[in-house]
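Peer 1: Using the sequences plus the hints, can you model the full thing?
If you're matching them up, the sequences are chains U and X in order.
The opening position of the first sequence corresponds to residue 1 in the numbering used here, with each subsequent residue numbered one higher.
The opening position of the second sequence corresponds to residue 1 in the numbering used here, with each subsequent residue numbered one higher.
Don't read these hints as lab results, they were simulated from the structure.
Relax, there's no trap hidden among the hints.
Residues from chain U that face chain X, not an exhaustive set, calculated with beta carbons under 8 angstroms:
1) R15
2) Y137
3) H160
4) N173
Where is the CB? At the ideal position from N, CA and C, for every residue including glycine.
Number of protein chains: 2
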Amino acid sequence: MKPFVKADAPVWQVRRLLEPGPIVLLSSAFEGERNVMTLGWHMIMGFEPSLVGCYVWDQNHSHQMIRKSKVAVINVPTVEMASTVVDIGNCSGRDVDKFEKFGLTAEPGEQVSAPLIAECFASFECRLADARPIERYNLFVFEVVKAHVATSPRWPRTIHYRGDGVFMVSGENTSRWRKRFRPDMLDE
Amino acid sequence: MKPFVKADAPVWQVRRLLEPGPIVLLSSAFEGERNVMTLGWHMIMGFEPSLVGCYVWDQNHSHQMIRKSKVAVINVPTVEMASTVVDIGNCSGRDVDKFEKFGLTAEPGEQVSAPLIAECFASFECRLADARPIERYNLFVFEVVKAHVATSPRWPRTIHYRGDGVFMVSGENTSRWRKRFRPDMLDE
Numbered sequence: 001m002k003p004f005v006k007a008d009a010p011v012w013q014v015r016r017l018l019e020p021g022p023i024v025l026l027s028s029a030f031e032g033e034r035n036v037m038t039l040g041w042h043m044i045m046g047f048e049p050s051l052v053g054c055y056v057w058d059q060n061h062s063h064q065m066i067r068k069s070k071v072a073v074i075n076v077p078t079v080e081m082a083s084t085v086v087d088i089g090n091c092s093g094r095d096v097d098k099f100e101k102f103g104l105t106a107e108p109g110e111q112v113s114a115p116l117i118a119e120c121f122a123s124f125e126c127r128l129a130d131a132r133p134i135e136r137y138n139l140f141v142f143e144v145v146k147a148h149v150a151t152s153p154r155w156p157r158t159i160h161y162r163g164d165g166v167f168m169v170s171g172e173n174t175s176r177w178r179k180r181f182r183p184d185m186l187d188e
Numbered sequence: 001m002k003p004f005v006k007a008d009a010p011v012w013q014v015r016r017l018l019e020p021g022p023i024v025l026l027s028s029a030f031e032g033e034r035n036v037m038t039l040g041w042h043m044i045m046g047f048e049p050s051l052v053g054c055y056v057w058d059q060n061h062s063h064q065m066i067r068k069s070k071v072a073v074i075n076v077p078t079v080e081m082a083s084t085v086v087d088i089g090n091c092s093g094r095d096v097d098k099f100e101k102f103g104l105t106a107e108p109g110e111q112v113s114a115p116l117i118a119e120c121f122a123s124f125e126c127r128l129a130d131a132r133p134i135e136r137y138n139l140f141v142f143e144v145v146k147a148h149v150a151t152s153p154r155w156p157r158t159i160h161y162r163g164d165g166v167f168m169v170s171g172e173n174t175s176r177w178r179k180r181f182r183p184d185m186l187d188e
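Peer 2: And the structure:
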């Protein structure tokens, strides 16, 4: 896969890509090691600051790496990467360097030590904003501190997991109902 | 809209509909009043018990109703309801009975006092499992105690919000990559 050409985006705009619920790749680094995991359980939790909650099971190798480094990158893959996304979820960073194994291009973060995945449509650099919900819920509350988004196409075709090996692929993007919104609910 | 014919489903299967990230309608009831709100910020947080986290802003009328009644129903609308979904988000239960205003059929819950919306593809009856994350994050951690899912079609066409009046409509559902999954990651 060819890396996407990306531009900076306002951090509050991460909702445009994350709120529809795509599978993401969460990348991390700690003490010279790097890792990436497939993640389906996440949600927007605020705009200012730009907060995203991610569920990272404590059995995942990434859990301790992120807990200790306090940073991660949320990367949004497109449908063209679906096989790799599944394969990443099938193995553990305990055993392999997944960047090497799957030919992913690691780019350095500007704000965080975790690597970006160049082949993904977007990468959001995150700092752990609150470690308290981790113990009870494996919930990492991240603040997005830098957003990199592909300049084309306008919207990516993302994959959304239904469980049991079934994916929904994102369909049409439409402003058909935009005129019904109260003006204060729109961006401008 | 005609109500869907529904059957009971195992509560852990809510991921099949919620994990892809659709807009949902959250219905509630408290002291003779009922309400429904449009909600985009939610995530699966566990299977056993079946947990779903929902962000309900403290300015929403539903916030106090759910906090006090400790129950709610997560309803999954299809694209045919998109206009109504937007209109529900445009007004407040402080001013109107939205069930009446939008011609929604309220069905009694089996396990909870909040009403189901018959016109939605699925309805998940929820009990508030943990009130602690509400104060800091407006995060309601619900346990799904009963799941009602339409028997047809196999998968609904759901709407997924991108912000700024733009929706993504769910596309193809495919098992194309299922053979790549480790057997222990599938349901059986």
